[in-house]
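Colleague: So the chains spell out like this:
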Amino acid sequence: MIELNDVHKSFGKVEVLKGITASVAKSEVVCIIGPSGSGKSTILRCINGLESYDRGEISVEGARVDSNDRSIVSIRTQVSMVFQRFNLFPHRTALENVIEGPLYVKKEPREQAIARGRALLAQVGLADKAEVHPPKLSGGQQQRVAIARALAMQPKAILFDEPTSALDPELVGEVLSVMRKLADDGMTMVVVTHEMGFARDVADRVLFIDGGVIVEQGAAKSVLNQPQHPRTQDFLRRVLHPL
Amino acid sequence: MQKFFHDAVEFVPILLQGVWLTIVVTVGSLLLSTVLGLVWALMRVSGIRILVWLSAALINVIRGIPIIVLLFYIYFVMPDFGIALSALQAAIIGLGIAYSAYQAENFRAGIEAIDRGQIEAAQTIGMGWWLTMRRVVLPQAVRIILPPYGNIMIMMLKDSSQASTITVAELALQGKLIASSTFKNTSVFTLVALMYLTMSIPLILLVRHFENKANRK
Numbered sequence: 591m592i593e594l595n596d597v598h599k600s601f602g603k604v605e606v607l608k609g610i611t612a613s614v615a616k617s618e619v620v621c622i623i624g625p626s627g628s629g630k631s632t633i634l635r636c637i638n639g640l641e642s643y644d645r646g647e648i649s650v651e652g653a654r655v656d657s658n659d660r661s662i663v664s665i666r667t668q669v670s671m672v673f674q675r676f677n678l679f680p681h682r683t684a685l686e687n688v689i690e691g692p693l694y695v696k697k698e699p700r701e702q703a704i705a706r707g708r709a710l711l712a713q714v715g716l717a718d719k720a721e722v723h724p725p726k727l728s729g730g731q732q733q734r735v736a737i738a739r740a741l742a743m744q745p746k747a748i749l750f751d752e753p754t755s756a757l758d759p760e761l762v763g764e765v766l767s768v769m770r771k772l773a774d775d776g777m778t779m780v781v782v783t784h785e786m787g788f789a790r791d792v793a794d795r796v797l798f799i800d801g802g803v804i805v806e807q808g809a810a811k812s813v814l815n816q817p818q819h820p821r822t823q824d825f826l827r828r829v830l831h832p833l
Numbered sequence: 008m009q010k011f012f013h014d015a016v017e018f019v020p021i022l023l024q025g026v027w028l029t030i031v032v033t034v035g036s037l038l039l040s041t042v043l044g045l046v047w048a049l050m051r052v053s054g055i056r057i058l059v060w061l062s063a064a065l066i067n068v069i070r071g072i073p074i075i076v077l078l079f080y081i082y083f084v085m086p087d088f089g090i091a092l093s094a095l096q097a098a099i100i101g102l103g104i105a106y107s108a109y110q111a112e113n114f115r116a117g118i119e120a121i122d123r124g125q126i127e128a129a130q131t132i133g134m135g136w137w138l139t140m141r142r143v144v145l146p147q148a149v150r151i152i153l154p155p156y157g158n159i160m161i162m163m164l165k166d167s168s169q170a171s172t173i174t175v176a177e178l179a180l181q182g183k184l185i186a187s188s189t190f191k192n193t194s195v196f197t198l199v200a201l202m203y204l205t206m207s208i209p210l211i212l213l214v215r216h217f218e219n220k221a222n223r224k
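Heads up: the protein sequence lines correspond to chains A and B, in order. Quick note on numbering: the working numbering labels position 22 of the first sequence as 612, and the sequence is numbered without any gaps. Quick note on numbering: the working numbering labels position 203 of the second sequence as 210, and the sequence is numbered without any gaps.
Pulled out of the complex, with its shape left as it was, chain A reads as follows (with noise of 0.2 Å):
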């Protein structure tokens, strides 16, 4: 569904991504490791457009994407994303955040969308809150409320980035839980995390990163429990057992 051919992306002269060739298949959910900086994130925003690349080609369901031409906005509304800071938008209430794009970019009519919102927003155990202003949210909630708003564009998968890592630790549980109900039900995810449990217990395959480039990819136990590449075995031993 997803699929990446030879990606590179620089910045200025710092070269990020060096080459990713990779595919995500539909239902699939594939977690993206690997250390800061490595390129995680890019990987992520050159797929929904918010970066452009500079060589290679990503598509999604055989549609090209390029930030900058108008197929851009079709692309994004197939695959949502949602991000480590939340991003929702502070002047409109909860149910406001889910509803503003089926209501202004896919034109539903307004009882459909805000029924679908609250549904939505029950759905991820929020169904008290849609009256509620994001700051008066706490951050798991806020980023509750982000993955019911990409849900409410009825995508096709969404890109997680980070999402639990501005969290407090006790938040981080209850937004792991929606996300793998959302696996559970089928939706094509892709999540950078450094959740390793979640990418273990959740994800079909595992990509680690590092460099700009891919070290090793597999199934998510196999590259997890027995990870071959030194580079993989290294990251894993100080993320797992940082002391």
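Chain A regions said to be covered by chain B (calculated; three or more residues, Cβ under 8 Å): (1) 663–669; (2) 675–688; (3) 691–703.
Hints listed in this document are in silico derivations from the structure and should not be mistaken for laboratory results. The structure presented is a predicted model; accordingly, all values stated were derived computationally and were not measured. Using N, Cα and C, we set each Cβ at its ideal position, and we do this for glycine too.
Knowing the structure of chain A, use the given hints to seat chain B on it.
Modeller: Using the frame of chain A, we list chain B on its own:
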């Protein structure tokens, strides 16, 4: 003091005609400068190089010319190019253009203060540039823009007196005319000052109201 009240009764009705023109000039040029300023600001943040350049150039040219010269130009020079405006029209257009530069810089600062993540979030739900501006950026920028906007309103009210230089009989000119024919300078100009002050106070209160409302959200 008694003399002052006596003068006031006599002059206030005449001065009020000037007040009316002052309000017309202020409101007219405020609306024009807001619309033009928003256009310049949106051009400036559009990311399209020619528009960015054009808007920057326009703002600098407008900022670099004194309001009074701009008024003279529109009122006395434009007729040579076949565009003859009434003094009132010229005053509104001149002040509107002059202040559009300040409005634009204020709007731009407000727009650029909005977190980049907000724009990215809007993009990822499929919003285009204009929808992102209208639904996400501008509503949040308003609370940043309003306090300086209020100050601009008050400055415009006072600068509307420059319209007198092209014969618009607004409050300042009306006062000057009465004073020069009656020699009652003290009474007349005290009344004129009080009238400007009276018009400024509601604006000051209005701005405070907007600020409070924006902060409560």
